[in-house]
Amino acid sequence: MTTLLELREYIKKFYVKFELYITYAWKFLLSLIAFTMIGNKIGYQTNLTKLPILLMAALLCSIMPANFMVVLSSGFILAHLYKLSLQCAVVALIIFLLMFLLYFRFSPKDTLAVMLTPMCFYLSVPYVIPIALGLLSTPASIVSMACGVIVTYMISYISGNATVLTATDMESKATQFQTILSELMGNKAMWVCIASFAITLAVVYLIRRMSVDHSWTIAIVAGALTNIICLLIGDLLYSTQLSFGGVIGKTILSVIILFVIQFFAFNLDYSRVEKVQFEDDEYYYYVKAVPKVSVSTPAPKVKKINQSNSNRDYRGRDRGE
Amino acid sequence: MLNEERVILMTRMAAYQQHEGKENNAINSYFRSDYVGFQVLKSVISATIVYLILVAAYVMYHFSEVLQDVYNTDLMATARKYLVYYILLVAVYSVISYIIYSIRYNRMRGNMRAYYSCLKKLGRMYEKE
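Chains as they are written, first to last, in my numbering: chain C, 5 to 325; chain P, 13 to 141.
Keep in mind that the hints are not guaranteed to be accurate.
[What the hints assert, rightly or not] List time: in silico DSSO-like cross-link candidates among lysine-lysine, alpha-carbon distance up to 30 Å:
(1) C:Lys17 x P:Lys34
(2) C:Lys17 x C:Lys45
(3) C:Lys192 x C:Lys16
(4) P:Lys34 x C:Lys292
(5) C:Lys21 x C:Lys254
(6) C:Lys292 x P:Lys54
(7) P:Lys140 x C:Lys113
(8) C:Lys292 x C:Lys192
(9) C:Lys192 x P:Lys132
(10) P:Lys34 x P:Lys133
(11) C:Lys279 x P:Lys140
(12) C:Lys17 x C:Lys308
(13) P:Lys54 x C:Lys279
(14) C:Lys16 x P:Lys34
(15) P:Lys93 x C:Lys113
(16) P:Lys140 x C:Lys292
(17) C:Lys113 x P:Lys54
(18) C:Lys307 x C:Lys21
(19) C:Lys54 x C:Lys87
(20) C:Lys16 x C:Lys305
(21) C:Lys21 x C:Lys305
(22) C:Lys45 x C:Lys254
(23) C:Lys17 x P:Lys140
(24) P:Lys34 x C:Lys21
No wet-lab data here; the hints were simulated from the structure.
It should be emphasised that the depicted structure is a prediction, and the values quoted were computed from it without experimental measurement.
The whole structure should be built from the sequences, with the hints applied where relevant.
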């Protein structure tokens, strides 16, 4: 355990030291993964699935604010869907516009959850999201998580029914908008998922805020159980064809990931290196303030192998000369 | 000579200015009523856009029925109904944004007060010398 803690301290130190570059790197990687996933799932616009374009877009995302990633991802999705059929793109556009206009005006910091939710679904660890948001965020994230779930189900519906949606006869084209919207909004599995995720997030948040020992661990376990129970109740009520084994397996996988998150994020202080400039009447100050790291790492031990060497100075000459 | 305590205080203040300070200064340049009112106005505009999108989606969804019924419906009654929905949406959304932005303004005032008290402290440090 102590080695793990030391490892965490090393990583923390490393992060504090190279924070600027790491921020660029994770933004780049995250957006690259997201764009690749979009391309894999609904890559109808083949030009946009080429690696150079993805790399360029990811590079752009790495230097822009995090929200730009979300906007660009929605742009990618819209472009792919437009190639498939106009109606799909319109449905997606409506959903994105409602999301951005109604909710993200208030909490622009929350937008990343919308992108991470579909990614976790795609990596088959969807239950990480409600618990992780409950641990790290506020109940307000329920809305952005719900948006993420809707986007996920929309993409999976469209990619699952691509052949039907590309039908060219006028009859099916005319009713396509209706079909997509009613299939999407009538998807009980989606609503059950949203409801149980929301309940899970709230439960995790409440437990995490309690002042008991190991509140984070309890919150994770309780959240996982709540999630399973809610999903099963939803399945019983609305017959969403949920596989019980799948839920359990994914939950176990998610809980493992969450314990890793807990290990790194628990006691997370958001203090970081500050570089500031100011002046008074006498001086200009260029200050770099580095936060103190709490758990100390062991100092490297120096073992003297040859005692006679200690009599020599650093140039290798004997001190007696 | 460098006064260490003063440098620490100034560094903290500068760090605050660098992060939340910019945003808070922007908010602070408004009166409370102006700031909240402006944000509510923005909300009204975005609620209007949302409503238009929703109506357009509704019409597209029930396209054939809307076309069939367009001549034999009471247009005034329909318009009144839609107007009521619109006003409801705008009202709910405006109230929510009013509450949120009032809270934000109050929080900003608190932060500003703390900042000004730091400034005063700094001023006293200079006077002492």
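Here is how each hint holds up against the structure:
1. C:Lys17 x P:Lys34: 28 Å, holds
2. C:Lys17 x C:Lys45: 38 Å, violated
3. C:Lys192 x C:Lys16: Not satisfied, since the Cα-Cα distance of roughly 43 Å exceeds 30 Å.
4. P:Lys34 x C:Lys292: 20 Å, holds
5. C:Lys21 x C:Lys254: With Cα atoms ~36 Å apart, C:Lys21 and C:Lys254 exceed 30 Å; violated.
6. C:Lys292 x P:Lys54: Violated, at roughly 39 Å.
7. P:Lys140 x C:Lys113: Not OK: P:Lys140 and C:Lys113 at ~43 Å, beyond 30 Å, violated.
8. C:Lys292 x C:Lys192: 54 Å, violated
9. C:Lys192 x P:Lys132: Distance ~60 Å between C:Lys192 and P:Lys132 Cα, so the pair is violated.
10. P:Lys34 x P:Lys133: 21 Å, holds
11. C:Lys279 x P:Lys140: 28 Å, holds
12. C:Lys17 x C:Lys308: Given that 30 Å is the threshold and the Cα spacing comes to 28 Å, the pair holds.
13. P:Lys54 x C:Lys279: 35 Å, violated
14. C:Lys16 x P:Lys34: 28 Å, holds
15. P:Lys93 x C:Lys113: 37 Å, violated
16. P:Lys140 x C:Lys292: 26 Å, holds
17. C:Lys113 x P:Lys54: 19 Å, holds
18. C:Lys307 x C:Lys21: Holds, at roughly 28 Å.
19. C:Lys54 x C:Lys87: 16 Å, holds
20. C:Lys16 x C:Lys305: Holds, at roughly 22 Å.
21. C:Lys21 x C:Lys305: Roughly 23 Å between the alpha carbons, so the hint for C:Lys21 and C:Lys305 holds.
22. C:Lys45 x C:Lys254: 20 Å, holds
23. C:Lys17 x P:Lys140: With a Cα-Cα distance of about 39 Å, the restraint between C:Lys17 and P:Lys140 is violated, given a limit of 30 Å.
24. P:Lys34 x C:Lys21: Status holds; Cα separation ~25 Å.
The structure does not agree with the numbered hints 2, 3, 5, 6, 7, 8, 9, 13, 15 and 23 stated previously, though it agrees with the rest.
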